[in-house]
Structure formats: structure tokens, C-alpha cells
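Here the protein sequences come in this chain order: A and B. Take 1 as the starting number for the first sequence in the working numbering and just add one per residue. Take 1 as the starting number for the second sequence in the working numbering and just add one per residue.
Just so you know, these hints were derived from the structure itself, not from any lab. Beta carbons: idealized from backbone N, C-alpha and C, even for Gly. Keep in mind that the hints are not guaranteed to be accurate.
Said to hold, decoys possible - Every beta carbon over 12 Å from chain B, so not counted as near; a handful from chain A, in silico: (1) Ala-40; (2) Arg-88; (3) Lys-174; (4) His-177; (5) Leu-196; (6) Gly-236.
Unchecked claim - Which stretches of chain B does chain A cover? Using the computed rule of at least three CB atoms under 8 Å from a CB of chain A, they are: (7) 9 to 19; (8) 101 to 110.
Stated by the list, open to error - Think about it this way: if two alpha-carbon atoms lie no more than 20 Å apart in a straight line, the pair counts; the simulated DMTMM-like pairs of lysine to aspartate or glutamate are: (9) A:Lys-171 - B:Glu-62; (10) B:Lys-79 - B:Glu-62; (11) A:Lys-19 - B:Glu-62.
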Amino acid sequence: MCDACGCDLKPEEHSHDSKIIEVHQSLFAANTAMAKKNRAHFDKMGAVVINMISSPGSGKTTLLEKTIEAIGDTIRIGVIEGDIETERDAERIRKKGVPVIQLTTGGACHLDAAQIHKGIHLLEREEGGTELDLLFIENVGNLVCPATFDLGEHHRLVMVSVPEGPDKPGKYPKAFHSSQLFIISKTDLLPYFDFLVEDATRDALQLNPDLQVMDLSATSGEGMEQWLAYLKKVCGK
Amino acid sequence: MHEMSLVQGLLGQLQTLATQHNKTKVISVTMEIGPFSGVVIDSFQFGFDILAKEEMLTKDAELKIISPTASYRCCGCAKQIKSEQRPESCPNCSETFFSPEGSDDLILLQVEME
Chain A
1 MCDACGCDLK PEEHSHDSKI IEVHQSLFAA NTAMAKKNRA HFDKMGAVVI NMISSPGSGK
61 TTLLEKTIEA IGDTIRIGVI EGDIETERDA ERIRKKGVPV IQLTTGGACH LDAAQIHKGI
121 HLLEREEGGT ELDLLFIENV GNLVCPATFD LGEHHRLVMV SVPEGPDKPG KYPKAFHSSQ
181 LFIISKTDLL PYFDFLVEDA TRDALQLNPD LQVMDLSATS GEGMEQWLAY LKKVCGK
Chain B
1 MHEMSLVQGL LGQLQTLATQ HNKTKVISVT MEIGPFSGVV IDSFQFGFDI LAKEEMLTKD
61 AELKIISPTA SYRCCGCAKQ IKSEQRPESC PNCSETFFSP EGSDDLILLQ VEME
């Protein structure tokens, strides 16, 4: 036994001289490397990938349902659903007739690139899962943690619904810094809430002047045309 | 609380480094947490305090955190303003739009081991 630290190694097997090791390595390095592989895989598939980030209940799944209905066969859509538990969201999307798989994180508050890597392979086993123009990743409902993890997506969408209030950009800056598109959803509820679209838009643009902003209601269909036009544009259709 | 999973990643990396360098005890760990990393310093420290105790290698390790201040580039006059918080308006030209500048990374800088 070693006398200095009481471990099971023999003294000659390790030293007790203190040593400073310069590492300079990102803790995100493993995730970033996997995200890069995912992006290369998506490019090979020819699919444009959108990572959807929002609070729980802001209407991500409903927007996807309405989008699939509106787009029909013109763009081949696939979906990777992320939730802590249950297959409910995937079941809703499956009813719309597109390839979908559900990832359950079992408690983790975000999806990471390794989970998505697994998700791609599971999706490829679904009918039509290898021939996609557009893949949505619906992240775990959370405006904080998902913003930190690159999944290999091409575009990141942050969404806030009218009942949540217009102060979200200021409170959750990382999600807005790292996104290209900001959607204000459930605008059919504007008459019942103290929510000024201009305030939320201004706050978001102050954080990220390059952000594209849209407001829509998936339920009433108001504003959906600009979203559908955006999707056609990113898919080159 | 994604800080917990990030601390787990750090501890895994420390195990690898200890094996590589034939060391059995971590004395100190120096991390740089970028202002736009989305990592809450107190939560990271809390996660480290709890999880590091569980391992022989890290039970007495000290966590040192370097947190550079963010800066904001005015979209009007391009003046750079160093500030923890996003400024309300530019002191130079009163513009209210800024581009944030600063690291969004979480970097393991240095480990002292014996």
C-alpha cells in the first residue's frame, strides 16, 4: 500500500509530486464533435434540420401538426420528438402520416448531440425516414438548458406563446442569442392577454439583431403563410 | 440544471487525465465559464461540491472559476461596452440595439494533480 495517500497502488506506480496540467479543452467538445457528425449526416441525407426550443405548452407540437397538414406532399417532413417521459407527442405526429420517433431523456432537461445521433438511426428505420427534405427536432420543453447544446441542426427556432408573457427574451437570453428565428405563437389569444408583440419583438432584437421574427396562430391559421414560406425557402422549394 | 451533467462530464475528463498522468489526487481545477455559455456559476459550483465528493480522486479538489465579463457592441456607433448586464442604451449615441460579444464556451483550463 502507498504510505502517502493510502491507495492500493505501489509507491513506484504513481508519484505524489504535484503537477500542473494545462488542458484548455471545452467541456462541450464531445457534444460539439458529435453535433458536427450529425450535421454531416443530415447534409448527406439532403435534409434541412430545425431545432425547436420553447417552454412546455407553447404549442410546438400543434404547430408541427398544422405545418404537416398545410405542406402535404410538397416537402417530405420527419420529426424527432424529445420529452422527459411518454410517447404522446410522437403519437400525435404519427397520426399525420410522417416518419417520427420519440426520444425520452428519462429526467434530463435537454437533448444532446449523442441522443440525436441515436435518433437519426431510429428514424431511418421508420417508413420514409431515409428520404427527408425537412427534419424537425422538437426539444424538451425548456427555455434554458436546450440552448447550450448544439444538436447539429441547420436552424434554431425559439418560440414563445402569448400566455407566457412578452418578457421571455430578456429572461432567457441564451435561447435568443443562439437562434435564427423567433416565433410568437397563439396570437389568437392576444385580445385576452397583456402581450404587446412589438415589445417582445424589440426585446428579442435588442439581444440578437439578426433574429427573424414572426407571429402566428397555428389554431386560427393567422400568420401561417409566412412560416410556410420560410420553410419552403430553407428547403429550396 | 444542465450544470449537473456538465460537472459529470468534467469529472470523467479528470479521471482520464489522472490515468494518463499516473496521478491519484486532484488538488485544484481551473475552469473558464464564458458569459454567454448559459452556465450558472453557482449551480456549477454546487454540482461540483456534491459530485466531486463522491470520488476518491476529487474529494478534496478545489474548483477555481474564471468568468470573463461580457461586452456589447453598439449597433449605432460600434462602441464596445463592457458590462455584466446588457446596457439599456449606449452612453455614446443612445442606441438601444447591441450585439453581444464574449465566449459561449465552458473550458477546462488547468488541473493540478498529485
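Which of the listed hints are broken here? 3, 4, 9, 10
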